[in-house]
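Number of protein chains: 2
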Amino acid sequence: MQNILEVVDKKYMTQGATSGSIEFQVFFSDHASNDFNTLFSSLPPSRKYFAAGVPGSFYGRLFPRSLHLVHSSYALQWLSKVPEELLDKTSPAWNKGRISYTSSSDEVANAYAAQFQKDMKIFLNARAKEIVVGGMIVLIMPGLPDGVHRSEFPLGVLDDSLCSSLMDMENAINGVNLKCQSLLHGLINESQVDSFNLPVYAATPMEITEAEISSALESSYNKGTQLIVALKRE
Amino acid sequence: MQNILEVVDKKYMTQGATSGSIEFQVFFSDHASNDFNTLFSSLPPSRKYFAAGVPGSFYGRLFPRSLHLVHSSYALQWLSKVPEELLDKTSPAWNKGRISYTSSSDEVANAYAAQFQKDMKIFLNARAKEIVVGGMIVLIMPGLPDGVHRSEFPLGVLDDSLCSSLMDMENAINGVNLKCQSLLHGLINESQVDSFNLPVYAATPMEITEAEISSALESSYNKGTQLIVALKRE
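Here the protein sequences come in this chain order: A and B. For the first sequence, our numbering assigns the number 76 to the initial residue and increments by one for each residue that follows. For the second sequence, our numbering assigns the number 76 to the initial residue and increments by one for each residue that follows.
Chain A extracted, bound-state conformation (with noise of 0.2 angstroms):
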């Protein structure tokens, strides 16, 4: 944070401002539910900047058009939620035994694919109505290059993780060899595995031009906003 403070401030220096003449007035955004006063504590007392939190999901507006920089990092691989077509046992898209989509069918992963994408567009279009004009945005969450293979995102390592830990602690209790999808004895059921599903993907380049052309932040484009994606392969 102090980082880009200090970027701003030296570029009005340059412009002809005196240090510290501006005033930097930061939001933090999290859910409702989430600890604020522990980030409002945690806050160092000689910041050069006012600071605020902003309850709300960022999938939607959360501010008046008032913005010159926005940054999330490491938020948005977050979907709003769980692709409907999981939840559905007759769907092709029901991921039975697995709880993310990088080891999973096609449907399974088309179905995160696309909530990606509405998803991100309602992100990009609620910015478009709360930057200013000459705004700009810098996004960093995880991604893949176009053209690798999604069992390649690390949250397929912690996918398996997860079953590997299922099934050792099954191990443990029963002594015997079970499939990913075997279960904690008595804690767990198979139907509750097969139902949990971790709202997280990792997007590529191409789909993230995808959502910006059909987002309404393409037409802010002028009036000079500008969006910077960096993707960064775990």
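Treat the hints with care, as some may be off.
No copy is singled out in the list; a pair is fine if it fits within one copy or between any two copies.
[As the list claims (entries may be wrong)] Pairs of lysine-lysine residues, derived as DSS-like cross-links and limited to a Cα-Cα distance of at most 27 angstroms, are as follows: (1) K156 with K123; (2) K196 with K123; (3) K204 with K86; (4) K196 with K156; (5) K196 with K85; (6) K156 with K85; (7) K156 with K307; (8) K193 with K298; (9) K123 with K307; (10) K123 with K193; (11) K156 with K298; (12) K204 with K164; (13) K307 with K164; (14) K196 with K86; (15) K196 with K307.
Because the hints were derived from the structure by calculation, they are not lab data.
Add chain B to chain A, keeping to what the hints say.
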């Protein structure tokens, strides 16, 4: 809150704006340690404003210059701290046996009055730097009419009640009558009662005017800032 927004919205409508075309952002300010999560989760979901929480004491800067309307309701009777003279046993303002100034000596009352002047000036100076040209400050706080003795402030009743409670509890334990500074046997001792003081003050209209005149807010009048203070006698 909703009432204020409706009034402003109506005013804009009389100037030709469409209803709902004005976006409102409401900042709720409180100490960082207070419970912002309960506040955020209790905001009406259908609210017609964007909400934000701002941590920190209002006896200091909280915002960049951006506010159109500042409203404080029943908060400015809380001083930033107990006047320092009251913590000095050798001072004539040592408030032995009492927890507020309302039934105390003139020295104690003068120390409270001086602290109120300092605090109110800091409050108004901070807001003067935060409010936009043509903005408005509306303050509601408990107060007393000019010329009315401080013992008329209902806090005096609270003070007396607390003393009475201490007395009653002490009587119940010891079966004897004691003075107001009597102590809850074994839980608090005399010096703790003597050193505890409520940092609460009820100002008069003259005191508000005095703080206003000595604050930077006065110069803001040239820029059209309006200050409205309602002192409510409880």
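- Item | Hints violated by the structure (listed by number, smallest first) | Checked against the structure, the hints that fail are numbers 5, 6, 9, 11, 12, 13 and 14, while the rest are satisfied.
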